[in-house]
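J.: Sequence:
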Amino acid sequence: MLVPAKQDGYGWLIGMPQGMTDNRSFDLNASSFNCWRWINDLDAAVVHNDRDPKNGAYFIRVRNRIEADKELRNFSARELLDRKIPGVTHAERQVLEHAVWLVSGKHLDIENVTLCHGSRDSDGDVPGVNWSADGDRLRVNWCSGGADGSFRGRSVIFN
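Numbering (our numbering), first residue to last: 16 to 174.
There could be a bad hint or two in this list.
Here are the simulated lysine-lysine pairs, DSS-like style, with alpha carbons at most 25 Å apart [what the hints assert, rightly or not]:
hint : residue 1 : residue 2
1    : K21       : K99
2    : K121      : K85
3    : K121      : K21
4    : K69       : K99
5    : K99       : K85
Source of the hints: derived by calculation from the structure; they are not laboratory data.
Take these sequences, add in the hints, and give me the full structure.
T.: Here it is as structure tokens:
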């Protein structure tokens, strides 16, 4: 299994175990803190992942920051895809949340929403993940709309 080379700013290394699914990654967090999702079966809703642990374990690198990439604000998920910017999948974002919480006791995306543009439904819409504004739960919504400064991609490096 290849580990992506470290690049400036991409200081967090996340391992995705073989067999990790969207539902399992959500349940991982739900076993540790309050979580909410817009639909019960995320595995059925997410029909495409750019990388998928069912095909084997792998590593990704993401920027070591709490908020999603400021460089990718004001881009819709469609624009991020059209620009071929590799983005975090929903399951990767969930595993990242859990890893950061285990190490620091902190949560990601307090002020913004990560557009998980490495995952899509049958219409091309993407999951959006953030910590709720009232500070009491992790939220998974579906994002279909345009660009907004609070919706941001989270780019990844992978082999």
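J.: Are any of the numbered hints broken by this structure? If so, which, sorted upward?
T.: Result: no hint breaks.
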